[in-house]
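The task is simple: from the sequences and hints, build the whole structure.
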Amino acid sequence: MANVAHTDPTETTPGPMTVSEEVAIDIVDLNKWYGEFHVLKNINLTVNKGERIVVCGPSGSGKSTLIRCINALEKHQKGSITVDGTQLTSDLKKIDEIRKDVGMVFQHFNLFPHLTILENCTLAPIWVKKMPKREANEVAMRYLTRVKIPEQANKYPGQLSGGQQQRVAIARALCMNPHVMLFDEPTSALDPEMIKEVLDVMVDLAQTGMTMICVTHEMGFARQVANRVVFMDQGQIVESNAPEPFFTNPQHERTQLFLSQILAH
Amino acid sequence: MSGTHAHTVPYVAETHYPAEPAPVSTTGPIAWLRENLFSSWLNAAITLICLAFILWIVPGILDWAVFKSVWHAKSLSECREIIVQTYGEGTTGACWAVIHERLGQLLYGFYPVDQRWRPDVTLLLLITAMIPLLFQTMRPLVVVMAALIGVKILIAAYLAVTENTLGSLFGPTTIVAIVIGGLAYFFGDTHHRTRWLVFTIVFPILAYFLLWGGIILEPIPSSRFGGFLLTMVIGVTGIAGSLPLGILLALGRQSKLPILRLICVTFIEFIRGVPLITLLFVASTLLNYFLPPGTNFDLILRVLIMVTLFASAYMAEVIRGGLAALPKGQYEASDTLGLTYWQGMRLIILPQALKISIPGIVNTFIGLFKDTTLVAVIGLLDPLGLTNPIRSDANWNGIVWELYGFIAFLFFVCCWGMSRYSMYLETRLRAADRR
Ligand SMILES: Nc1ncnc2c1ncn2[C@@H]1O[C@H](COP(=O)(O)OP(=O)(O)OP(=O)(O)O)[C@@H](O)[C@H]1O
Ligand SMILES: [Mg+2]
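In the order they appear, the protein sequences are chains F and E.
Per the working numbering, the very first residue in the first sequence carries number 1; after that it's consecutive.
Per the working numbering, the very first residue in the second sequence carries number 1001; after that it's consecutive.
It is worth saying that the hints were derived from the structure and are not from the lab.
Be careful, since some hints might not be right.
Away from chain E, derived, C-beta distances all over 10 Å, residues of chain F [said to hold, decoys possible]:
(1) Tyr34
(2) Asn44
(3) Leu45
(4) Lys100
(5) Leu118
(6) Ser161
(7) Gly162
(8) Met176
(9) Glu197
(10) Asn227
(11) Gln234
(12) Gln236
Think about it this way: if two alpha-carbon atoms lie no more than 30 Å apart in a straight line, the pair counts; the simulated DSBU-like pairs of lysine-lysine are [to be verified]:
(13) E:Lys1328 to F:Lys196
(14) E:Lys1355 to F:Lys100
(15) E:Lys1068 to F:Lys93
(16) F:Lys133 to E:Lys1328
(17) E:Lys1328 to F:Lys94
(18) E:Lys1355 to F:Lys94
(19) F:Lys94 to F:Lys75
(20) E:Lys1256 to F:Lys41
(21) F:Lys133 to F:Lys155
(22) F:Lys155 to E:Lys1256
(23) F:Lys130 to E:Lys1256
(24) E:Lys1256 to F:Lys75
(25) F:Lys41 to F:Lys93
What you are looking at is a predicted structure, and each value in this text was computed from that prediction instead of being measured.
Here a beta-carbon is modelled for each residue, glycine too, at the ideal position from N, C-alpha and C.
Here you go:
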């Protein structure tokens, strides 16, 4: 247990990116349909604690659907998903339990526009974890400092740039002290100069040993922090490998085509 | 190289331009007039035509309503005599004497005269209950109560000079106003707001006790309620009841449970598909057949229920519009953070959805408030219901404009107030979150 991932922000010393033997997420034979449309086909994916997975693939391949199944934003019809030992069923209690453990960051930030940045971050700790308000404020300020925007705490989301909003969204998720973080194209709605500030925060987070699943097309980020890159096409996992071999020596022809397309520009 | 040089050659700025005030001709009242009223020939022409129209119509109205009006008379014919005697043959003027004589009835119906302080106090408490809902601090309450006391002192002074009495200066309303105003003055800050909200929750019970009596207060039967008091009772209850009910219906209509959804949709569509008058008739007559014999279910209470249900169906649709306007991401973010359904609704979804719906909500409120006049049809004596007995009184036979004008004025003040408040609220909320 010595190398179990810890998420306490006070210990941000960029240690070695350790991966535990313990399983954080176990997806077995996952199948999902939208009506008649088979979106996810026999997905098998095991993520160990502290592991960082990058999921990529062409548009419509089911990447978002896959990670949204993990915290039950989408229901699956076949197969099983187990998060931290809890199997996801339609039982609302279990769903809530898993959601407390799993943080999510969206492409369009989804901050609450009627609340200040600080209130955005303290809302869930106060109401879900029943944390006293003062303590919640302290925790929120710690994470806001970590994503480098403590000075914006009392502004409203609409007054922040896209990159700042996305960093708030990350801080908001971290305030719940999750064991797993899901990212769904966190930088694809951002201008190039803001992408870096968000990626920096994510790299920093990776270095603390957080278990992460990122849907992203930022290949530099994948090379730098991923343990594994998973390539999806038409609802199935086509190839999965460590970043070096994945980028330099892709095996499947769909992967080769995809990589040649996104690396072309 | 100067800054105005066309950038046809490589260019690097060498000067830094300091900010200068805008040219005088583009700011100030003259500029405002020129920009808004006389910006083009067409605009100028429209402005002049409107001015001419106002000059033509306003003096006439003022002449009739103010300068040549009569406040003290026993009958319409006496009014006309006075006007002819003072201003000459052929002049017409308003006969406000009817309002003067019947004011008590128009405001309170047949509520016993010596008990009318009770509705007055209830109104003050209503204002007290509303302020913490409507505003951030209790300062407006201090202003209202101070203004009320000021007006009462003025009236008392006037009465002291003309009739040698102080009137009701030391009545219960004054005392209540002083107490509430004082409390609001000393405990009016934002952090006391929750305590005032507790009062808001207790208020309905208090109001019921004050208006209908019981225990130590003389009981007043519903049949004596009338006039603007009745309008307020129905309007305020309808407004206060239809908003929460409408929210629940709107949420139910979106629910994942098919049975609940079906119930809500059926209710909304049924109520919206039936005229309010029909529902009121059901309340006044048909309902008796369905109730166990011998039960005496108060008519006003039945009307209150019907009006509330009616308004809540419209409210539900307005709020559904607000819910639908929210991006799906807000629901998802609230879910992913682990908030329960009701927490998410209360903290994330409804504050935003209601804000979007404010214009529609206030619209429904105003409609409801004016629809209260329909109760005249089932024999309740709201201000409009009172016009018939007054006009069939031999003394006031033939009076039209003054009576309806006064009632219209009362309604206008209330509805316009709601409309202004909603505009204030929208500005306040918009200032809070600039998207
Ligand atoms: N609610 C839905 N109902 C029906 N079909 C859907 C729904 N959501 C997604 N789909 C379909 O499922 C497929 C996978 O969608 P998904 O959003 O997971 O793709 P993605 O890989 O995330 O794509 P992108 O890179 O564009 O985000 C797409 O073909 C999409 O059209
Ligand atoms: Mg997607």
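Hints versus structure:
1. The Cβ of Tyr34 of chain F lies farther than 10 Å from every Cβ of chain E, with a closest approach of about 15 Å, so its non-interface assignment holds.
2. With a closest Cβ-Cβ approach of about 24 Å to chain E, Asn44 of chain F is found to remain outside the 10 Å limit, as its non-interface label requires.
3. Interface exclusion of Leu45 of chain F from chain E stands, the closest Cβ pair being 20 Å apart, more than 10 Å.
4. Residue-level check failed: Lys100 of chain F sits 4 Å from the nearest beta carbon of chain E, not beyond 10 Å.
5. At the 10 Å boundary, the C-beta of Leu118 of chain F stays outside the reach of chain E, the nearest C-beta of that chain being 14 Å off.
6. Consistency note on Ser161 of chain F: stated as away from chain E, and its beta-carbon is indeed over 10 Å from all of that chain's, at 14 Å minimum.
7. Interface exclusion of Gly162 of chain F from chain E stands, the closest Cβ pair being 13 Å apart, more than 10 Å.
8. Not every C-beta of chain E lies more than 10 Å from that of Met176 of chain F, the closest at about 6 Å, which undercuts listing it as non-interface.
9. With a closest Cβ-Cβ approach of about 21 Å to chain E, Glu197 of chain F is found to remain outside the 10 Å limit, as its non-interface label requires.
10. No Cβ of chain E comes within 10 Å of the Cβ of Asn227 of chain F; the nearest lies about 24 Å off, and the non-interface call holds.
11. Even its closest Cβ contact with chain E, about 25 Å, leaves Gln234 of chain F beyond 10 Å, as expected for a residue assigned away from the interface.
12. The beta carbon of Gln236 of chain F is kept farther than 10 Å from every beta carbon of chain E, the shortest such distance being approximately 25 Å.
13. Using a Cα cut-off of 30 Å, the hinted pair Lys1328 of chain E and Lys196 of chain F holds, with the two alpha carbons roughly 27 Å apart.
14. Restraint check for Lys1355 of chain E and Lys100 of chain F: the C-alpha separation of about 29 Å stays at or below 30 Å, so the hint holds.
15. The straight-line distance between the Cα atoms of Lys1068 of chain E and Lys93 of chain F is roughly 76 Å, outside the 30 Å bound, and the hint therefore fails.
16. Between Lys133 of chain F and Lys1328 of chain E the CA atoms are separated by roughly 28 Å; this keeps the pair inside 30 Å, and the hint holds.
17. For the suggested pair Lys1328 of chain E and Lys94 of chain F, the alpha carbons sit about 23 Å apart, so the restraint of at most 30 Å is met.
18. With a C-alpha separation of about 33 Å, the suggested pair Lys1355 of chain E and Lys94 of chain F falls outside the 30 Å cut-off, and the hint is violated.
19. Between Lys94 of chain F and Lys75 of chain F the CA atoms are separated by roughly 13 Å; this keeps the pair inside 30 Å, and the hint holds.
20. For the proposed pair Lys1256 of chain E and Lys41 of chain F, the alpha carbon gap of about 27 Å is at most 30 Å, so the pair holds.
21. With a C-alpha separation of about 18 Å, the suggested pair Lys133 of chain F and Lys155 of chain F falls inside the 30 Å cut-off, and the hint holds.
22. Taking the CA atoms of Lys155 of chain F and Lys1256 of chain E, the gap is about 35 Å. The hint is violated against a cut of 30 Å.
23. Taking the CA atoms of Lys130 of chain F and Lys1256 of chain E, the gap is about 27 Å. The hint holds against a cut of 30 Å.
24. At roughly 14 Å between alpha-carbon atoms, Lys1256 of chain E and Lys75 of chain F fall within 30 Å of each other, so this suggested pair holds.
25. Annotation: proposed proximity of Lys41 of chain F to Lys93 of chain F holds, straight-line Cα distance about 27 Å (limit 30 Å).
Consistency note: the structure conflicts with the earlier hints numbered 4, 8, 15, 18, 22.
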